[in-house]
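Q: The primary structure of each chain is shown beneath.
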Amino acid sequence: QQQVKQSPQSLIVQKGGISIINCAYENTAFDYFPWYQQFPGKGPALLIAIRPDVSEKKEGRFTISFNKSAKQFSLHIMDSQPGDSATYFCAAEVQGGSEKLVFGKGTKLTVNP
Amino acid sequence: KAGVTQTPRYLIKTRGQQVTLSCSPISGHRSVSWYQQTPGQGLQFLFEYFSETQRNKGNFPGRFSGRQFSNSRSEMNVSTLELGDSALYLCASSFSPDTEAFFGQGTRLTVV
Chain X
-4 QQQVKQSPQS LIVQKGGISI INCAYENTAF DYFPWYQQFP GKGPALLIAI RPDVSEKKEG
56 RFTISFNKSA KQFSLHIMDS QPGDSATYFC AAEVQGGSEK LVFGKGTKLT VNP
Chain H
11 KAGVTQTPRY LIKTRGQQVT LSCSPISGHR SVSWYQQTPG QGLQFLFEYF SETQRNKGNF
71 PGRFSGRQFS NSRSEMNVST LELGDSALYL CASSFSPDTE AFFGQGTRLT VV
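From first to last, the protein sequence lines stand for chains X and H.
Using the numbering used here, read the first sequence as starting at -4 and increasing by one per residue.
Using the numbering used here, read the second sequence as starting at 11 and increasing by one per residue.
Don't take each hint at face value.
As the list claims (entries may be wrong) - Over the 10 angstroms line for every Cβ pair with chain H, so calculated as not near, a few chain X residues: (1) K10; (2) F61; (3) Q90.
Unchecked claim - Derived DMTMM-like pairs: lysine to aspartate or glutamate, alpha-carbon spacing no greater than 20 angstroms straight-line: (4) K67/H x D79/X; (5) K53/X x E94/X; (6) K10/X x D79/X; (7) K53/X x E92/H; (8) K52/X x E110/H; (9) K67/H x D108/H; (10) K37/X x E110/H.
Hints were generated in silico from the structure; no laboratory data involved.
Glycine included, every Cβ here is placed at the ideal spot set by N, Cα and C.
Same shape as in the complex, but just chain X:
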């Protein structure tokens, strides 16, 4: 059973456009929802994270929207740039608990110049 479902698998946007990646989770005990960015040959890098007590968090061009009742969260990348082309992973965790980071399958984002 896949605890965190991520969509789409791949995404192509034009430079300056908005990239939107969605995730849904099953376990209501999850209390920490990070997004990671991974470039080829590199490890995942923490991009932004949110906890269920807030509905939105913004850092620069990156925004997480969180819907606790629907058990969904999404990443919005505003003004997408070619340098944003990477694979993005959502994850969920019970921090300090037994459910360590559970990852979605990833979204390969391509931003065309």
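Knowing the structure of chain X, use the given hints to seat chain H on it.
A: Structure of chain H alone, referenced to chain X:
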């Protein structure tokens, strides 16, 4: 501040052999977790160590083991390697089990 350091970066092993991978966490971080990344299964949790104690273990066979030393450095070992163990093995460190995790660049293991 140095990041998470994993060694070696690349390894080629023969089926049936064993392998040890090393992870040095960010200075001051005492929690280390290991993940396996493959194209088919994605990123999967292997185990977590904090203060030299294994706190959690993922759903992997007993051939996968690990340990953490008093300086927080960690090693993972895979015995009797199988072709399916070919993967990118990632180490993540955090100050404690309930704080954000930072990943290293990984060790690419190829089993032939």
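Q: Of all the hints given earlier, name the ones this structure violates by number, lowest first.
A: Violated hints (numbers, rising): 3, 4, 5, 7; every other hint is consistent with the structure.
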